[in-house]
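Can you build the whole structure from these sequences, using the hints too?
Protein chains: 2
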Amino acid sequence: MLSFWQDYPEIQNKLRVTQELMVDRLKISNHDIKTALEAMALQGGKMVRPALFYLFAGLTAKASDEKLWQQLIKIAASLEILHSATLIHDDIIDDSPLRRGIPSIEAQFGKDVAVYTGDFTYTVYFELLIETMAGTPFLEKNAKSMKKILQGELTQMQSAFETTISIRKYMKAISGKTAELLSLSCLEGAYFSGADQKTQHLAKRIGRAIGLAFQIYDDLLNFTVGLDEENKPILTDVRLGIFTLPLLIARENNPEKILPYLQAPEKLTREACLELSDLVAENGGMTGALLIANGLTQKALADIEKLPDGSNKVLLTQATQALLERKY
Amino acid sequence: MLSFWQDYPEIQNKLRVTQELMVDRLKISNHDIKTALEAMALQGGKMVRPALFYLFAGLTAKASDEKLWQQLIKIAASLEILHSATLIHDDIIDDSPLRRGIPSIEAQFGKDVAVYTGDFTYTVYFELLIETMAGTPFLEKNAKSMKKILQGELTQMQSAFETTISIRKYMKAISGKTAELLSLSCLEGAYFSGADQKTQHLAKRIGRAIGLAFQIYDDLLNFTVGLDEENKPILTDVRLGIFTLPLLIARENNPEKILPYLQAPEKLTREACLELSDLVAENGGMTGALLIANGLTQKALADIEKLPDGSNKVLLTQATQALLERKY
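Here the protein sequences come in this chain order: A and B.
Using full-length UniProt numbering, you'd call the opening residue of the first sequence number 1 and step up by one each time.
Using full-length UniProt numbering, you'd call the opening residue of the second sequence number 1 and step up by one each time.
Derived by calculation from the structure, the hints in this document are not laboratory data.
Mixed in with the good hints, there may be bad ones.
Where chains are identical, the list cannot tell them apart; a pair therefore holds if satisfied intra-copy or between any two copies.
[What the hints assert, rightly or not] Dumping the calculated DSSO-like pairs for lysine-lysine here, alpha-carbon to alpha-carbon at most 30 Å:
hint : residue 1 : residue 2
1    : K27       : K172
2    : K147      : K34
3    : K306      : K67
4    : K141      : K172
5    : K27       : K169
6    : K141      : K74
7    : K172      : K34
8    : K169      : K204
9    : K67       : K172
10   : K169      : K34
11   : K172      : K62
12   : K172      : K306
13   : K232      : K34
14   : K267      : K313
15   : K267      : K111
16   : K299      : K267
17   : K232      : K141
18   : K27       : K198
19   : K67       : K257
Predicted, not measured: the structure shown is a model, and the values here were computed from it.
Right, here's the structure in full:
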């Protein structure tokens, strides 16, 4: 999936080096688990978090400053390793058979090993932080971010099947679950490359807007994917009791129509799901959520415009558009 | 269970203050989880790890140095919070309905919430480390210890049902699973109170010996507890495929008699368990394991003897005897 970055060879190269470092750091005495962690690192998706980190770091860091870049690579790896740890634990919760096209740690080794393997992965993350961030405020910032991420996950989980869940609560959950780590990635890229305060502030805000937009586009997709294919599971979020923005907007607009579907969503038939999907669209859920996501994307792009000029600013604009557009 | 320390009022008081700090730090936005974490902290067992930490800190730290003690209390809390995090995740693995006499987080909220609540607890642990250990080698040491603990758990899990598991592998697993954190607790007590190198070195070694002995006594107990009570589950470790020292010694001494019981241990009837328990005793498993555990206890006590004289040295000797004797 690093092919996503093929038009950005510098970023792609850095991501490859990051993967190598991840494989090296995730070594564990148990051979099978080691192999699984290695595969997970190498299949590593688009590596959005380290990529955003590098895009921001590149605004300020000199390409020739090798010592600095060695540190930056470790920090980029810490972001992706934290993300991997949360994914390993997420897969326990979702009982996911696959992750990035290969069997999840849970599917390969069972829940029990997955719990400890996720914990082990968190430890590797902390080791990298300790090596790179001692004496900076970022040890503390990382701990705070991790707390927010977990509170976001817990909020979402505890409000599953809550038919009256507010849009505010949804935004809070995705703010922790997705936006927090993207925001931290951008901020760390700016900070550790030595960017000024203004750039750091913008980086944090841009990451947050991209993160929120990213998640809302993802949630929109869940209302359309698979609708035309008889055998594909559809509206998987709703059926898990996860009520996201398109549904919540439609429910605000037309509670009488929408609410009956939410009483026992785990039992919805395919037909009922198709009806609900239509109802969400008819009652402004899709366009409403799309408007909000597009607004966030525009906000991110406008903030990117305020960054110091240079080739990386152009890259960042293009990458943001590519990242968010591919989603919907 | 703090009543265990009733003859040591100073330690007991410090443990109470530690519990208060734990409750304060484990605050989480979700009300139910907050309550559960609070109950877990307040029911906190004997708090062996902070207690050992305080016993070692008391060798060197002046009682009047309030500022130092405030730091020490945070460090003691970090040890118990790390232990709690591992317990929350252990309960997922064991499907334990109870923990310290109250329903486990898993039993109360399900596996999913327990995964994230354990992760959240790890984060609070890291926050406390960052606040108290910046600029010392102990951030790194903690990360390394956590890795060893998890590798110990994974080793034990991955070698479950392995009939040929070596005594060496067993020792390695309990060394990670139990001894590592007890050793760290003693070492941190010495280091952060400003003890000299020699005391630090002894502390680490004493903690390790106590930890190994503690675990072996526990494992011995699993071969005797409940044997006389018709309705109590017995030999629970063996039936989970966890083959511990008494069994391994008996297997070395008489493989023909022992091995047949280990082929499908999850299916052993109560009668077969009683037979196996007898066989383990007849073939030197109980006395052999007891000799090793007693040897470790003696080693710890001999090392305590080498510590600087003072009232805390007497306390430490008594507490070690009490901790280990009550086990068997």
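Going through the hints against the structure:
With identical chains, the CA atoms of K27 and K172 are at most 30 Å apart between copies only, with a shortest distance of 18 Å across copies and 35 Å within one. For a Cα distance limit of 30 Å, the shortest separation of K147 from K34 qualifies both inside one copy, at 27 Å, and across copies, at 14 Å. Taking identical chains as interchangeable, the C-alpha atoms of K306 and K67 lie at most 30 Å apart only when both belong to the same chain, with a minimum of 29 Å there against 46 Å between chains. Taking CA atoms no more than 30 Å apart as the test, K141 paired with K172 passes inside one copy only; the shortest distance there is 18 Å, against 35 Å between copies.
For the homomeric pair K27 and K169, the shortest alpha-carbon distance between copies (19 Å) is at most 30 Å, but the shortest distance inside one copy (39 Å) is not. Taking the closest pair of Cα atoms, K141 and K74 come within 30 Å of each other both inside a single copy (17 Å) and across two copies (19 Å). In the homo-oligomer, the alpha carbons of K172 and K34 lie at most 30 Å apart only across protomers (19 Å), although the nearest pairing inside one protomer, at 35 Å, exceeds that limit. Only within a single protomer do K169 and K204 lie at most 30 Å apart by alpha-carbon distance; the minimum there is 21 Å, versus 48 Å between protomers.
Proximity of K67 and K172 under a CA criterion of 30 Å is satisfied in neither setting, with 38 Å inside one chain copy and 38 Å between copies. With identical chains, the CA atoms of K169 and K34 are at most 30 Å apart between copies only, with a shortest distance of 19 Å across copies and 38 Å within one. With identical chains, the CA atoms of K172 and K62 are never at most 30 Å apart, being 37 Å at best within one copy and 47 Å at best between copies. When the C-alpha separation of K172 and K306 is checked against a cutoff of 30 Å, the pair qualifies only within one copy, where the shortest distance is 27 Å, while the shortest distance between copies is 56 Å.
Proximity of K232 and K34 under a CA criterion of 30 Å is satisfied in neither setting, with 33 Å inside one chain copy and 39 Å between copies. Taking the shortest Cα distances, K267 and K313 never come within 30 Å of each other, neither inside one copy (48 Å) nor across copies (65 Å). Taking the shortest alpha-carbon separations for K267 and K111, both the intra-copy value of 25 Å and the inter-copy value of 22 Å come in at or below 30 Å. For a Cα distance limit of 30 Å, the shortest separation of K299 from K267 qualifies neither inside one copy, at 39 Å, nor across copies, at 62 Å.
When the C-alpha separation of K232 and K141 is checked against a cutoff of 30 Å, the pair qualifies neither within a copy, at 41 Å, nor between copies, at 49 Å. Neither within a single protomer nor between protomers do K27 and K198 lie at most 30 Å apart by alpha-carbon distance, with minima of 39 Å and 33 Å respectively. Taking CA atoms no more than 30 Å apart as the test, K67 paired with K257 passes in neither setting, with 61 Å inside one copy and 62 Å between copies.
In this structure, the hints that do not hold are numbers 9, 11, 13, 14, 16, 17, 18 and 19, in rising order.
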